Amino acid sequence: MNCLEFRRLYLSDPYHCSEEMEAHRLACDHCHRFARQQSEQEIQLKRAVKVAVPEGLASRIIVSKALHGRANKATVKRRPFKLLASLLAASFTLLAVLWRILFIPTEQLVLTHVTDEIHHLQDNFALTTHAVNQKIRSSGLYASQSLGPVRYAGSCQIRDHVGAHIIIPGKRGPVTVLLMPKESIQHPLTVKDHRFSGRIVPFTGGSMAVIGERGEPIDHWIDYMSQRLAQAG
Amino acid sequence: MVLKQTQFDAIVNAYSVDLYRYLIWLCGNTQLAEDISQETFFRAWRGLDKLQDPKAIKSWLFTIARRELARHFEKNKTIMESLDEIHLAAFGDADPALDPDVFSLRQALSRLPLPYREPLVLQVIAGYSGNEIAEILQVQVNTVMTRLFRARKLLAQALTPASDEKGFK
Numbered sequence: 001m002n003c004l005e006f007r008r009l010y011l012s013d014p015y016h017c018s019e020e021m022e023a024h025r026l027a028c029d030h031c032h033r034f035a036r037q038q039s040e041q042e043i044q045l046k047r048a049v050k051v052a053v054p055e056g057l058a059s060r061i062i063v064s065k066a067l068h069g070r071a072n073k074a075t076v077k078r079r080p081f082k083l084l085a086s087l088l089a090a091s092f093t094l095l096a097v098l099w100r101i102l103f104i105p106t107e108q109l110v111l112t113h114v115t116d117e118i119h120h121l122q123d124n125f126a127l128t129t130h131a132v133n134q135k136i137r138s139s140g141l142y143a144s145q146s147l148g149p150v151r152y153a154g155s156c157q158i159r160d161h162v163g164a165h166i167i168i169p170g171k172r173g174p175v176t177v178l179l180m181p182k183e184s185i186q187h188p189l190t191v192k193d194h195r196f197s198g199r200i201v202p203f204t205g206g207s208m209a210v211i212g213e214r215g216e217p218i219d220h221w222i223d224y225m226s227q228r229l230a231q232a233g
Numbered sequence: 001m002v003l004k005q006t007q008f009d010a011i012v013n014a015y016s017v018d019l020y021r022y023l024i025w026l027c028g029n030t031q032l033a034e035d036i037s038q039e040t041f042f043r044a045w046r047g048l049d050k051l052q053d054p055k056a057i058k059s060w061l062f063t064i065a066r067r068e069l070a071r072h073f074e075k076n077k078t079i080m081e082s083l084d085e086i087h088l089a090a091f092g093d094a095d096p097a098l099d100p101d102v103f104s105l106r107q108a109l110s111r112l113p114l115p116y117r118e119p120l121v122l123q124v125i126a127g128y129s130g131n132e133i134a135e136i137l138q139v140q141v142n143t144v145m146t147r148l149f150r151a152r153k154l155l156a157q158a159l160t161p162a163s164d165e166k167g168f169k
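Keeping their order, the protein sequence lines are chains A and B.
Numbering-wise (my numbering), the first sequence opens with residue 1 and increments by one.
Numbering-wise (my numbering), the second sequence opens with residue 1 and increments by one.
Just to be clear, a hint being listed does not mean it is correct.
[Said to hold, decoys possible] Which bits of chain B does chain A cover? Going by a derived footprint, with three or more residues having C-beta under 8 Å, they are:
hint	stretch
1	11-22
2	63-70
3	147-156
No lab work stands behind these hints: they were computed from the structure.
Every value quoted in this text rests on a predicted model; they were computed, and no experiment measured them.
All C-beta atoms in this analysis are idealised placements derived from N, C-alpha and C, irrespective of residue type, glycine included.
Next up, chain A with everything else stripped away, as it sits in the complex (with noise of 0.2 Å):
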C-alpha cells in the first residue's frame, strides 16, 4: 500500500481501518502523522454533527404513539365514560413517561448513553496514559497505572453529574467504561440488551459501569480497571 492509497481509504472511512491500512500507518511517520491529524479532526466533526436535540423528543414520540394508537381505532359511537377512559389512560401514559426520565433506573441510564454514543465504538486514537487522565479529570478520577491501549476517553454529563467516558479493546469488541462518581448504587446490577451486557459496582463512593458485546468477559475488565483507577487527590 503507498502513502496516497493509505490517505484516500483514511479519509473515505477513518472508523474502519484495514490490518494492512494499520501496518502502513505503523511503518510511514507521515501517514501516521497524517492520521493523527485526521483523527483530531474527526473529534471536531463528530462535536459539529451533534446540533441541539428538542428536549423531551424521545418521550413525546412515545406519548404520541399512545396517544395515535387510540385515535385510529375503529370509530365506535363514543360515551362519554369511554371518552373519559381515554383521557385517563393518557394521563397515566404520560405520568409513567414523566416518572421514567425523573426517575431513570441506573441501569437504563447507563444503556442510553452507551447507545447515545455508539459512534465512540468506533474510535481509535491510542491513547497514553496521560492524554486519558486529561480528559478524565473532571471526573474526579485518574488512572494510577496504564490501562493499555485506550480507543477513547472523555469526560461526559451522566444524569446531573460529571462522570468519565473510557472505550478499551475487549475480546469480543470494544469495551465501555462509565465512572459515575455520584451515582451510589446499593449492590451490583447487572445490564442487558439485545447487543450489550455488562455490570454496574459500587466505585469509590460512586459507581463505574462495564459493558460489552454478549460474551465479553465483563468481571475480568472490571477487577482491570479497579486496580488502575483511582479518586484524585
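Once you've looked at the hints, dock chain B against the given chain A.
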C-alpha cells in the same frame, strides 16, 4: 403488548437523538425533522413484529426516515436534492461565539452538496460502514467511499485558507 411497548420505548430512547440529527442535517428544518422522526417511529411500531433481526433495527429506522422525508418532499413538490445548502440557523446555535471551530465546521458541512453531506452524516453520527451506508442510500459501495472522500476533501478546502493548502505526497 407490554413487551412490545417496552421494546418500542427502548428503541425510541436509543435512536431518536441520532435519527433526529440525521434528519436535521438533511432538511435543515427542526419541525420537519421532529415530524419525520415521529412518523418514522410510528411506522416502526407497526412493523416491529415483523422485524427478524434486532441488530438491523437501526439501519431499518434510518431507511424508513429517509423514505418518509422523500415522501414529504414528493407530496410538497420539492426535490430533496435542492437542499444542497441548509441554513445554519436551523441548529439553534448559529452564534459564532459558541465555539469558532465547531461553528466553522457546521457552516462548511451545511454547504456541502447533499450527495456528499448525507453519507458523511450517516458515517459520523450513526457510525455506519461504507457497506451499510450503501444499503441505506441504495448506491454502490464504491460510490459511497468516493463521496465520503470528496466530502472530507471539500470540508478541508472550505476550512483551510488558500495560502495554507498543501498537496499530498
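(request) With a C-beta cutoff of 8 Å, work out whether three or more residues of the stretch 11-22 of chain B approach chain A closely enough for the coverage to hold. (result) Three-residue rule met by the stretch 11-22 of chain B, so holds; n is 9.
(message) Can you tell me if the stretch 147-156 of chain B counts as covered by chain A, using C-beta to C-beta distances under 8 Å and a minimum of three residues?
(response) With 6 residues closer than 8 Å to chain A, the stretch 147-156 of chain B meets the three-residue bar; holds.
(request) Establish whether the coverage given for the stretch 63-70 of chain B by chain A is satisfied; the threshold is a Cβ-Cβ distance below 8 Å, and no fewer than three residues must meet it. (result) violated (count 0)
Comparing the model with each earlier hint shows a violation of hint 2 alone; every other hint is respected.
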